[in-house]
Amino acid sequence: MTSFAPTRSMAENLASENPMLRLAWYCLLAVGGTLLLTLSAKTKVVFGPVDMSLQTLAIFGIAATFGMRLGVATLLLYMAEGAMGLPVFQGTPEKGLGLIYMMGGTGGYLAGFVVAAAIVGWAADRGWDRHVGKMFAAVLMAEVVIMAMGFAWLATLIGVEKSWQFGVAPFILPDLIKVALASALVPALWTILRKIRG
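Numbering (my numbering), first residue to last: 153 to 350.
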């Protein structure tokens, strides 16, 4: 059996050589990815004073396994679903739907999700997803971008102090846990797939 190509994402390595089957595979992954993102947004884990969603963990995992192009495309499809009014985001439909919700307090974080997918996907395309240390660096950078963009947008709405207090500080430890999980899980998955592939 042939080994996995070192500069291709997991999704690309598992795709068929047939162009039509490859397209169908990528479409299936993108739609499946948006379903996973929706499920992860709605799943909450109680962690101290705040509820932790699993969404950023799903974003990191999707970007690492799909690569940059398909990962970003999946996130953009997810954003399009939300913009059309589908209740795919964490606070929907309770806090609104569509563009009104997206322009609210979570707008910066949502934009950060797309950039984070690009960062982690770019790293995966270069084989970083096979190494825990490199994967950690990429995922940590992506996490910092999400928090920075979310904080900057929220600060324009409620001020710097409240943005830090409610939009960043409570999530630092839970998000670091998700960064560590993603950094360990993706390389472990590569190891399992290599053993299966022979």
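Just so you know, the hints here were simulated from the structure itself, not pulled from any lab data. A portion of the hints provided could be inaccurate.
Heads up, simulated EDC-like pairs for lysine to aspartate or glutamate below, C-alpha to C-alpha not over 20 angstroms straight-line [claimed, not checked]: (1) K194 x D327; (2) K286 x D327; (3) K196 x D327; (4) K194 x E164; (5) K196 x E246; (6) K194 x E246; (7) K347 x E164; (8) K347 x D327.
Verification of the hints:
no.	hint	result
1	K194 x D327	holds (16 angstroms)
2	K286 x D327	holds (18 angstroms)
3	K196 x D327	holds (13 angstroms)
4	K194 x E164	violated (29 angstroms)
5	K196 x E246	holds (15 angstroms)
6	K194 x E246	holds (12 angstroms)
7	K347 x E164	holds (18 angstroms)
8	K347 x D327	violated (31 angstroms)
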